[in-house]
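Engineer: Single-letter residue listing:
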Amino acid sequence: MPDQEPYEPERAIAGTGMGGTMDLGASEAITLEQPPGPDGADPRDKPRSLWSDAWHDLRRNPVFIISALVILFLIVISLWPSLIASGSPLKCDLAKAQEGSQAGHPFGFNGQGCDVYTRTVYGARTSVAVGILATLGVAVLGSVLGGLAGFFGGGGDAILSRITDVFFAIPVVLGGLVLLSVITSNTIWPVIGFIVLLGWPQISRIARGSVITAKQNDYVQAARALGASNSRLLLRHIAPNAVAPVIVVATIALGTYISLEATLSFLGVGLKPPSVSWGIDISSAAPYVRNAPHALLWPSGALAITVLAFIMLGDAVRDALDPKLR
Amino acid sequence: MTTQTKPEEAPAAAAGDSFLSVRDLKVHFSTEGGVVKAVDGLSFDLERGKTLGIVGESGSGKSVTNLAVLGLHDRRKTAIDGSITLDGQELTDASEKQLEKLRGKKMAMIFQDALTALSPYYTVGRQIAEPFMKHNGASKKDARVRAIDLLQKVGIPHPHKRVDDYPHQFSGGMRQRAMIAMALSCNPDLLIADEPTTALDVTVQAQILDLLKDLQQEFGSAIIMITHDLGVVGNMADDIMVMYAGRAVERGTVREVLKSPQHPYTWGLLSSMPNLTSDVDEPLMPIPGSPPSLMNPPSGCAFHPRCGFTDLVSGERCSGERPTLPNGRAAACHLTGDQRQQVFIEKIQPRLG
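Quick note, the sequences are listed as chains A and B, same order.
Here numbering that gives the first Met the number 0 is used: the first residue of the first sequence is 0, the next is one more, and so on.
Here numbering that gives the first Met the number 0 is used: the first residue of the second sequence is 0, the next is one more, and so on.
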């Protein structure tokens, strides 16, 4: 910081011009009045936090904007599918089975004579709900367990690390076939539970690693030297460091959880008819792909776009939060 | 070691009289390679309002001693032996909860690198206010007033505005001042400053030392100043303790230790410092060799492999027998008082100028 000292008086003068406000806006306004550094660095870049920096990058990233719009659209139609689809996904007419596109039914009909368009719109709800809820569950469970293990270390940490190794060794599809085939409930909860069960070790490892790095910071030791308790250290001083990597990995994982739900439903162990899910539709349309390709195409396309949108969003967030890529 | 530790145990009777009293402190870390004896039988006392300078090279146990006083060592891997009493309260067997209450309120620490010792996520004011709120149960508003007041005391201009700044908006010197304000937030009776000025340039260094002196007069705190800069202790301290390989090798008042040092290691420290009045061509005299392994310290006097005066001592005493450090003004060395006096006047003093 050799170039900061000379500016103190000017900063102080600039500071007196400001009101006694305390919000972030005020501190940014003060620094705007700083003269540029001799090395040509723009001093306005200095005081921004990791988060405002990331937001600054994201707003200018077309990948982020497109994927965010797609996701916003998906969330809206999963909450209110009747906005764009008037019929019921369960109203089927066998007489119209496998018929192609026609007025009022742009995507045609599937093998059971159900309207593909309506089913595709309603299927978004399952995918988005499973994706978001499973990711929340994974992120909360993984970061709490990983964070505690990293902070306290010792025997608990060793045991947890071995447990995560065991979970990493379980093949996802095989595990799903075995565990979910014994469950009869036809809701999204068993699927979410299964994804959380297999997904938390990934987040837990990342959270553990970042907590171990963060707890060695001098300011953590300094806070302890001034009487801060363990819980205070963890929540106030260590957690902010561990949050960013967890968010990045969780957003990318969200896309894969959606396709995992479709995979499990396709295999017949996830959701089962009469639930509406892209995986079920893909599964039921697959045998008739030569006669009625549209019945397979639309749900698969919707699934692909949704997964891609979430993964692209995760990528954009990772780029924005990783200062080394800047 | 049975007979040699006796003189060090002798002051144990007086333990508790002083504000801070450390007796025969041993801090041993167990590592994969063996036991590291970071501090091995250290005793000292400190009164309120006084400053003790602890001097020694890297790895001599200065910082570990103070982490042990604060109880900040890793309890799982560290064995602590001996006694540390602060204002009559034994700290070595205190629970984590008890220590938490003492830290920040009764004893506080100023860290070496203010650049990393302030959290980047919170405003300076909030970090200063935090211990005050915790220990005094003060409201957010009162704590904020206190933070502004402290920033004013440590000489930060426009404290009512800077209190809401983040650490990266402060310069290095200001950050160190903010660190000091943080440590002072509950008027601690014992302030441990671990190389508080090492990361700063000399002009700021002088300001920080003056500030510490002023604050000591105002609050009457006892200060432990850890440093390897003899200039800093000369300026700040009342007493000096020189540490080598986890033990105290020389102790005395500032004047005694800096003007008439008695231990060959202290001679080495002083001769390796440049001197303004001496000839510019005069080479500095570094201490030969390297710091000893604390896992496997040299036999006898830990300094003997690097000491240039072992041949003045008869027999194998230097490598065979550990010298003791008597009470008061003393040095742990086998050389007799006359020998030290002679060597110092003939060989060392001319070089110090």
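Think of the hints as simulated: they come from the structure by calculation, not from any bench.
All residues carry an ideal CB built from backbone N, CA and C; glycine is no exception.
Among the hints, a few may not be true.
[Stated by the list, open to error] If you want the ones that stay clear, here's a sample from chain A, every Cβ over 10 angstroms from chain B, calculated:
#1 Ala96
#2 Leu179
#3 Tyr218
#4 Val219
#5 Gln220
#6 Ser299
#7 Leu320
[As the list claims (entries may be wrong)] Quick list of in silico lysine-lysine cross-link-like pairs, BS3-like style, CA-CA up to 27 angstroms:
#8 A/Lys214 / B/Lys49
#9 B/Lys105 / A/Lys214
#10 B/Lys100 / B/Lys76
#11 B/Lys152 / B/Lys49
Engineer: Compare the structure with each hint and give your call.
Structural biologist: To see whether the hints hold, each was checked on the structure:
no. : hint                : in the structure
1   : Ala96               : holds, 60 angstroms
2   : Leu179              : holds, 42 angstroms
3   : Tyr218              : violated, 4 angstroms
4   : Val219              : violated, 8 angstroms
5   : Gln220              : violated, 7 angstroms
6   : Ser299              : holds, 44 angstroms
7   : Leu320              : holds, 15 angstroms
8   : A/Lys214 / B/Lys49  : violated, 33 angstroms
9   : B/Lys105 / A/Lys214 : holds, 24 angstroms
10  : B/Lys100 / B/Lys76  : holds, 23 angstroms
11  : B/Lys152 / B/Lys49  : holds, 20 angstroms
The structure shown violates the earlier hints numbered 3, 4, 5 and 8.
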